[in-house]
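A.B. asks: Taking the hints into account, I'd like the entire structure generated from these sequences.
2 protein chains.
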Amino acid sequence: MDDAVVARFAEIVGESELLTGGRISEDYARDESLTCEPRKPAVVAKPATAAEVSALLTTAAGHGVPVTARGSGSGLSGAARPREDGLLISFERMNAVLEVDAVNQVAVVQPGATLAELEQKTAAAGLAYTVYPGELSASVGGTVGTNAGGMRAVKYGVTRNNVLGLEAVLPTGEVIRTGGKTSKVSTGYDLTQLIIGSEGTLALVTEVIVKLYPRPAHSATLLAPFPDLDNVMAAVPRIISSGVAPDILEYIDNLTMAAISHNEKLELGVSDEVRDATQAYLVVGLENRDRDRLDGDMLRTAEVMSELGASDVYVLDGGGARKLIEAREKAFWAAKAAGADDVIDVVVPRSEMPGFLARARELATAAEGGVVGCGHAGDGNVHLAIFCKDAAKRHKLLHDIFAAGIAAGGAISGEHGIGQAKKDHFAALEDPAKLALLRRVKQAFDPRNILNPGVLFD
Amino acid sequence: MDDAVVARFAEIVGESELLTGGRISEDYARDESLTCEPRKPAVVAKPATAAEVSALLTTAAGHGVPVTARGSGSGLSGAARPREDGLLISFERMNAVLEVDAVNQVAVVQPGATLAELEQKTAAAGLAYTVYPGELSASVGGTVGTNAGGMRAVKYGVTRNNVLGLEAVLPTGEVIRTGGKTSKVSTGYDLTQLIIGSEGTLALVTEVIVKLYPRPAHSATLLAPFPDLDNVMAAVPRIISSGVAPDILEYIDNLTMAAISHNEKLELGVSDEVRDATQAYLVVGLENRDRDRLDGDMLRTAEVMSELGASDVYVLDGGGARKLIEAREKAFWAAKAAGADDVIDVVVPRSEMPGFLARARELATAAEGGVVGCGHAGDGNVHLAIFCKDAAKRHKLLHDIFAAGIAAGGAISGEHGIGQAKKDHFAALEDPAKLALLRRVKQAFDPRNILNPGVLFD
Numbered sequence: 001m002d003d004a005v006v007a008r009f010a011e012i013v014g015e016s017e018l019l020t021g022g023r024i025s026e027d028y029a030r031d032e033s034l035t036c037e038p039r040k041p042a043v044v045a046k047p048a049t050a051a052e053v054s055a056l057l058t059t060a061a062g063h064g065v066p067v068t069a070r071g072s073g074s075g076l077s078g079a080a081r082p083r084e085d086g087l088l089i090s091f092e093r094m095n096a097v098l099e100v101d102a103v104n105q106v107a108v109v110q111p112g113a114t115l116a117e118l119e120q121k122t123a124a125a126g127l128a129y130t131v132y133p134g135e136l137s138a139s140v141g142g143t144v145g146t147n148a149g150g151m152r153a154v155k156y157g158v159t160r161n162n163v164l165g166l167e168a169v170l171p172t173g174e175v176i177r178t179g180g181k182t183s184k185v186s187t188g189y190d191l192t193q194l195i196i197g198s199e200g201t202l203a204l205v206t207e208v209i210v211k212l213y214p215r216p217a218h219s220a221t222l223l224a225p226f227p228d229l230d231n232v233m234a235a236v237p238r239i240i241s242s243g244v245a246p247d248i249l250e251y252i253d254n255l256t257m258a259a260i261s262h263n264e265k266l267e268l269g270v271s272d273e274v275r276d277a278t279q280a281y282l283v284v285g286l287e288n289r290d291r292d293r294l295d296g297d298m299l300r301t302a303e304v305m306s307e308l309g310a311s312d313v314y315v316l317d318g319g320g321a322r323k324l325i326e327a328r329e330k331a332f333w334a335a336k337a338a339g340a341d342d343v344i345d346v347v348v349p350r351s352e353m354p355g356f357l358a359r360a361r362e363l364a365t366a367a368e369g370g371v372v373g374c375g376h377a378g379d380g381n382v383h384l385a386i387f388c389k390d391a392a393k394r395h396k397l398l399h400d401i402f403a404a405g406i407a408a409g410g411a412i413s414g415e416h417g418i419g420q421a422k423k424d425h426f427a428a429l430e431d432p433a434k435l436a437l438l439r440r441v442k443q444a445f446d447p448r449n450i451l452n453p454g455v456l457f458d
Numbered sequence: 001m002d003d004a005v006v007a008r009f010a011e012i013v014g015e016s017e018l019l020t021g022g023r024i025s026e027d028y029a030r031d032e033s034l035t036c037e038p039r040k041p042a043v044v045a046k047p048a049t050a051a052e053v054s055a056l057l058t059t060a061a062g063h064g065v066p067v068t069a070r071g072s073g074s075g076l077s078g079a080a081r082p083r084e085d086g087l088l089i090s091f092e093r094m095n096a097v098l099e100v101d102a103v104n105q106v107a108v109v110q111p112g113a114t115l116a117e118l119e120q121k122t123a124a125a126g127l128a129y130t131v132y133p134g135e136l137s138a139s140v141g142g143t144v145g146t147n148a149g150g151m152r153a154v155k156y157g158v159t160r161n162n163v164l165g166l167e168a169v170l171p172t173g174e175v176i177r178t179g180g181k182t183s184k185v186s187t188g189y190d191l192t193q194l195i196i197g198s199e200g201t202l203a204l205v206t207e208v209i210v211k212l213y214p215r216p217a218h219s220a221t222l223l224a225p226f227p228d229l230d231n232v233m234a235a236v237p238r239i240i241s242s243g244v245a246p247d248i249l250e251y252i253d254n255l256t257m258a259a260i261s262h263n264e265k266l267e268l269g270v271s272d273e274v275r276d277a278t279q280a281y282l283v284v285g286l287e288n289r290d291r292d293r294l295d296g297d298m299l300r301t302a303e304v305m306s307e308l309g310a311s312d313v314y315v316l317d318g319g320g321a322r323k324l325i326e327a328r329e330k331a332f333w334a335a336k337a338a339g340a341d342d343v344i345d346v347v348v349p350r351s352e353m354p355g356f357l358a359r360a361r362e363l364a365t366a367a368e369g370g371v372v373g374c375g376h377a378g379d380g381n382v383h384l385a386i387f388c389k390d391a392a393k394r395h396k397l398l399h400d401i402f403a404a405g406i407a408a409g410g411a412i413s414g415e416h417g418i419g420q421a422k423k424d425h426f427a428a429l430e431d432p433a434k435l436a437l438l439r440r441v442k443q444a445f446d447p448r449n450i451l452n453p454g455v456l457f458d
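If you're matching them up, the sequences are chains F and Y in order. Per the working numbering: the first sequence = residues 1 to 458. Per the working numbering: the second sequence = residues 1 to 458.
Derived by calculation from the structure, the hints in this document are not laboratory data. It cannot be assumed that every hint is accurate.
Unchecked claim - Calculated lysine-lysine pairs in the DSS-like style (CA-CA distance at most 30 Å, straight line): (1) F/Lys-396 - F/Lys-434; (2) F/Lys-423 - F/Lys-434; (3) Y/Lys-389 - Y/Lys-330; (4) Y/Lys-121 - Y/Lys-46; (5) Y/Lys-330 - Y/Lys-393; (6) F/Lys-434 - Y/Lys-46; (7) F/Lys-389 - F/Lys-423; (8) F/Lys-330 - F/Lys-121; (9) F/Lys-46 - Y/Lys-434; (10) Y/Lys-121 - F/Lys-155; (11) Y/Lys-155 - F/Lys-121; (12) Y/Lys-155 - F/Lys-155; (13) F/Lys-330 - F/Lys-393; (14) F/Lys-434 - Y/Lys-434; (15) Y/Lys-393 - Y/Lys-40; (16) Y/Lys-423 - Y/Lys-389; (17) Y/Lys-155 - Y/Lys-265; (18) Y/Lys-336 - Y/Lys-155.
Unchecked claim - Here are a few chain Y residues that sit away from chain F, every Cβ distance over 12 Å (derived from the structure): (19) Glu-15; (20) Ser-16; (21) Gly-21; (22) Arg-30; (23) Gly-73; (24) Ala-96; (25) Val-97; (26) Pro-227; (27) Asn-254; (28) Leu-255; (29) Ser-261; (30) Val-270; (31) Lys-336; (32) Glu-362; (33) Lys-389.
We put the CB at the ideal spot given by N, CA and C, even for glycine.
C.D. replies: Structural data, given as structure tokens:
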């Protein structure tokens, strides 16, 4: 990169907030994707304002410098992995929860704020931001970029259902505001929704208005072992249609449960005998502002699960429940520690989960590999750890599993995104007419192709 | 229009399904906008399949024929008002509810199906499609085009929160599918969300996958007269934060209540004395699968309203509640019958409603006109009937009211859309950088500008 360009970047954010060469740590070279090799950028800039972001983009556009945005780097698809010749904009200094507005039940947040920070600030107001991916160190900006989901999506929806407005900087340097503190608007194309999930390729988000919910006073967690995975899947629509509105509805297969139990030293009180006869577990979270109503919902849910073949239903106490949920959140780390070669999150209609899982297992066996997993059963979002050392075989296995998901009416990813890790599969499997349209939309935002080139598509 | 082009359209849909000249009835010349003059199209085509829609668009694009889509024509902004030189595609024959899928809790619907039809089919399965604008004769395709909202949006969200996937025909003739029977997906830009609310300017929707909810067994409606509008507005966030999750939360000002009561012969049991001391009413709908829980929520809601200054709280019986809700739905017709010159639906953060309403009244008085209204109080979505005969004064009044809404952090329209009726105001008040971006997005979809030219912007 030209020295004059670097000097201009330094002028914009200040010398101390611009990193080059040896001052760039390994952290900036990667996110948590298991398959994207780390790659350091030429420059890291840490802006403090939207105006600085705008000046950075204008300069980058003028010199054809590729730009990657980075929140906490906890993404799983390589969307925050920078280009060697590029500028990495780290939002670590734009990390404030600017406002928690109890009357309108919204918070105004900078992109670098973590979910943990937002959780703390909203809890103090008796409110909650309900998007709850496994990683509370994730930045709000990152969750917008990837349209993050997580366990509570079954009740509250994913990021796109919970973001009401944005401030964003276009690659042309213009700063726009979309949406606002309102839950509806009908004035032209919804730019908020278009930017959410665009993985840093359309605009850089500098402020996010999120929707908050009242925080229910009481919650409970039920754990039910099932001898058969199909029964787990059959229980899911029954629980949903019962109207108890669970905020967590997760399945965990026996191998994953063994791994997370071991790693996190979980004591769930499940006897060896039951455990050995269990193919998968269902974890159901319930919440209510009223203790009696919660008890009624627990009873009803336990009845449904027993009717549908659960060998038992355990009511976890607060501490046990928290530990189990935290362990489930760490399933990715457990898979990584166990030597998983990749982690994917295909989404299918929930009726298709048993068939899809069976097909994925068959494909893995045929490829001399294995899949184990857990997932957001209420959403049909299956998180699979892929074990298959041979790179070429693994590529074909992934292709076939993604194709099976699409054939079942689903998509390659429910919440992790495409990033760099899955773009080859996306290019191979997505409708060419849609791909061409996505490229034209990209062009409408970013005519010089400076924002995250090589993410989503080449 | 060239005879050869008309002949080609006839070949595509069949002679009997193509109308020209005197065979085109007045209905096809308009929607329910109060300010857009009727205008008959050159041709009306009634396709039966997406393939026919595709062939119509390919032909239209080849000959530069402007195309307008029409569902039931119940829109309020002129988005379905055709061009004199254009083709109107009426979806009246593509009107089937193709599937109600109870396991995945979705329905697959053709765009010409009415909400009434969808209501009937989903009710039979114990489910509900919860988007509930005033007009049940509205087509599903029309509600997608305008991102329709309605009373139940306070609990269930608007159209964009309840549509999971689309089949759509691009102006280039390509038929694409977006989303699916899943509640989440993270694979590139969300085309479903981009097409929703685009008022027929980006693509023509030929199939819609909507989200369904369990239908609660019990419901109740409370009516509370308040001596002061500000107290109504103060009660709204309190009811929402109480956690009772009302599915209806409407305010109706005294003049509107008088008009709809008179038109619909409502007997609400409110004494003359109370009525004369009332500035506005709050209508709260509650629902639950459990009768006891519903009773508890009613009590809680009544307490909150009494504490906040309601002169009384009436529990309406089933018949009375239905009549009131139906009457409220017909507020537009009451306004029209009363000689309203326009009807608008500015949305503001709900905390800003009192200030915005006061400002709108001041502006109307200064313009020697008047505003009366009702609205979705939980959403900050204010429906105002505008009385101001002088066209120039009215134009300025609307401009000033829209500007006041935007200044309060809101938008010109919460659910009616921009269409043709408000595009001048949209052009004058929207950020030019955003308008330019919307035009580039339009260009990405519709390079020949054949879909609804003159809607949203010129």
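A.B. asks: Look at each hint and say if it fits the structure.
C.D. replies: Here is how each hint holds up against the structure:
About 23 Å separates the Cα atoms of F/Lys-396 and F/Lys-434, which keeps this hinted pair within 30 Å; it holds. Restraint check for F/Lys-423 and F/Lys-434: satisfied, since their Cα atoms lie roughly 14 Å apart, inside the 30 Å limit. Among the hinted pairs, Y/Lys-389 with Y/Lys-330 is consistent with the structure: their alpha-carbon atoms are about 22 Å apart, no more than 30 Å. A distance of roughly 24 Å separates the Cα atoms of Y/Lys-121 and Y/Lys-46; the hinted pair therefore holds under the 30 Å criterion.
For the given pair, Y/Lys-330 sits about 27 Å from Y/Lys-393 by alpha-carbon distance, which is consistent with the 30 Å threshold. For the given pair, F/Lys-434 sits about 26 Å from Y/Lys-46 by alpha-carbon distance, which is consistent with the 30 Å threshold. With a C-alpha separation of about 20 Å, the suggested pair F/Lys-389 and F/Lys-423 falls inside the 30 Å cut-off, and the hint holds. Pair hint F/Lys-330 plus F/Lys-121 holds up; C-alpha atoms about 24 Å apart against a cutoff of 30 Å.
The hinted pair formed by F/Lys-46 and Y/Lys-434 meets the criterion: a straight-line CA distance of about 26 Å does not exceed 30 Å. Under the criterion of a C-alpha separation no larger than 30 Å, the hint pairing Y/Lys-121 with F/Lys-155 is consistent with the structure, at around 24 Å. Distance hint between Y/Lys-155 and F/Lys-121 is fulfilled; the C-alpha atoms sit about 24 Å from each other, no more than 30 Å. Only pairs whose Cα atoms come within 30 Å are accepted, and Y/Lys-155 paired with F/Lys-155 is accepted, the gap being roughly 13 Å.
This hinted pair checks out: F/Lys-330 and F/Lys-393 have alpha carbons roughly 27 Å apart, not beyond 30 Å. Pair hint F/Lys-434 plus Y/Lys-434 holds up; C-alpha atoms about 24 Å apart against a cutoff of 30 Å. Only pairs whose Cα atoms come within 30 Å are accepted, and Y/Lys-393 paired with Y/Lys-40 is accepted, the gap being roughly 29 Å. As the CA atoms of Y/Lys-423 and Y/Lys-389 are separated by approximately 20 Å, the hinted pair is consistent with the 30 Å bound.
Annotation: proposed proximity of Y/Lys-155 to Y/Lys-265 holds, straight-line Cα distance about 29 Å (limit 30 Å). Only pairs whose Cα atoms come within 30 Å are accepted, and Y/Lys-336 paired with Y/Lys-155 is accepted, the gap being roughly 28 Å. For Y/Glu-15, the condition that its CB be more than 12 Å from all CB atoms of chain F holds, with the nearest at approximately 31 Å. Distance check on Y/Ser-16: its Cβ is at least 31 Å (rounded) from any Cβ of chain F, clearing the 12 Å threshold; non-interface status holds.
Here Y/Gly-21 stays apart from chain F, with its beta-carbon at least about 35 Å from theirs, past the 12 Å limit. Listed as outside the interface, Y/Arg-30 is consistent with that label: its C-beta sits roughly 20 Å from the nearest C-beta of chain F, beyond the 12 Å cut-off. The claim that Y/Gly-73 is not at the interface with chain F holds, since no C-beta of that chain comes within 12 Å of its own (minimum 18 Å). The claim that Y/Ala-96 is not at the interface with chain F holds, since no C-beta of that chain comes within 12 Å of its own (minimum 19 Å).
In this structure Y/Val-97 is separated from chain F by more than 12 Å, as the shortest Cβ-Cβ distance comes to about 18 Å. With a cut of 12 Å on Cβ distances, Y/Pro-227 stays outside the contact zone with chain F, its closest approach being about 22 Å. Even its closest Cβ contact with chain F, about 25 Å, leaves Y/Asn-254 beyond 12 Å, as expected for a residue assigned away from the interface. For Y/Leu-255, the non-interface assignment is confirmed: its Cβ lies about 25 Å from the closest Cβ of chain F, beyond the 12 Å cut-off.
Separation of Y/Ser-261 from chain F is adequate, the least Cβ-Cβ distance of about 28 Å exceeding the 12 Å criterion. No beta-carbon of chain F is positioned within 12 Å of the beta-carbon of Y/Val-270; the least distance is around 29 Å. No Cβ of chain F approaches the Cβ of Y/Lys-336 within 12 Å, the least distance being about 21 Å, so the stated non-interface status holds. Its beta-carbon lying about 22 Å from the closest one in chain F, Y/Glu-362 satisfies the requirement of being farther than 12 Å from that chain.
Separation of Y/Lys-389 from chain F is adequate, the least Cβ-Cβ distance of about 27 Å exceeding the 12 Å criterion.
When the structure is compared with the earlier hints, no violation turns up for any of them.
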